[in-house]
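Below are the chains, spelled out letter by letter.
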Amino acid sequence: MEIFQVVGLGLIAAVLVVILKEEKPEIALQVTVVVGVIIFLFMLGKINSVLTVLKNLARKANIDLLFLTTLLKIVGIAYIAEFGAQVCRDAGSNAIASKIEFAGKVLIMILAVPIVFSILELVLQIMP
Amino acid sequence: MDVDLIFKIAGLGILISIIDKVLIQSGRDEQAQMTTLVGVVVVLLVVIQLISRLFESVRTMFQLY
Numbered sequence: 026m027e028i029f030q031v032v033g034l035g036l037i038a039a040v041l042v043v044i045l046k047e048e049k050p051e052i053a054l055q056v057t058v059v060v061g062v063i064i065f066l067f068m069l070g071k072i073n074s075v076l077t078v079l080k081n082l083a084r085k086a087n088i089d090l091l092f093l094t095t096l097l098k099i100v101g102i103a104y105i106a107e108f109g110a111q112v113c114r115d116a117g118s119n120a121i122a123s124k125i126e127f128a129g130k131v132l133i134m135i136l137a138v139p140i141v142f143s144i145l146e147l148v149l150q151i152m153p
Numbered sequence: 201m202d203v204d205l206i207f208k209i210a211g212l213g214i215l216i217s218i219i220d221k222v223l224i225q226s227g228r229d230e231q232a233q234m235t236t237l238v239g240v241v242v243v244l245l246v247v248i249q250l251i252s253r254l255f256e257s258v259r260t261m262f263q264l265y
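From first to last, the protein sequence lines stand for chains A and B. Per my numbering, the first sequence starts with residue 26, numbered consecutively. Per my numbering, the second sequence starts with residue 201, numbered consecutively.
A portion of the hints provided could be inaccurate.
Claimed, not checked - PhoX-like, lysine-lysine: derived pairs with alpha carbons at most 20 Å apart:
#1 46(A) - 221(B)
#2 208(B) - 46(A)
#3 98(A) - 80(A)
#4 71(A) - 46(A)
To be verified - Here are a few chain B residues that sit away from chain A, every Cβ distance over 12 Å (derived from the structure):
#5 205
#6 225
#7 227
#8 230
Stated by the list, open to error - Here are a few chain B residues that face chain A, going by a calculated C-beta distance under 7 Å:
#9 210
#10 213
#11 250
Keep in mind that the hints were calculated from the coordinates and are not lab data. Built from N, CA and C at the ideal position, the CB exists for glycine as well.
Start from the sequences, fold in the hints, and give me the full structure.
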């Protein structure tokens with residue numbers, strides 16, 4: 026099971042970070058970044074399979090692909106913004122973290138605008 | 201799962217802190233500072249490659265062009 030590998034890796038990395046913390050905090054921070062990226066790359070295959078299932082379902086239910094691609098984009102932006110914000114918070118700079126989250130929210134809002142428009146059009150069509 | 205990357209970076213960090221201490225003991229503080237800088241830059245190179253791999257995979261997977 027992959028979960029054991031991930032948890033084991035996380036615990037070992039936490040111990041390494043504690044060792045490096047007081048001597049070289051900058052390298053300790055980079056170890057946390059590396060572990061985060063490795064765990065995500067490890068989970069990549071699983072996420073890909075979930076995404077393909079979602080795409081097939083959307084195609085079968087012939088939902089407009091715009092919604093699904095926008096949804097995927099939003100999830101991607103949210104994940105990267107979260108990753109960057111957490112790393113900055115780990116490094117102790119909360120101001121930068123909140124700026125990154127702010128930028129992520131703005132980008133997500135921009136992506137959501139076309140969907141809102143299409144919903145409004147749908148509602149207008151239904152209205153007598 | 202390139203786990204050895206983590207151990208390489210952690211080992212490098214520990215090595216640098218030891219070299220730092222030795223240099224500080226022998227009175228060469230500026231060289232200690234230099235080795236710390238070099239160590240951080242080397243680790244940064246590795247981390248930046250890994251982060252670019254992450255961004256590439258997220259870009260292709262979530263179609264974030």
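Contradicted hints - numbers only: 4 and 5
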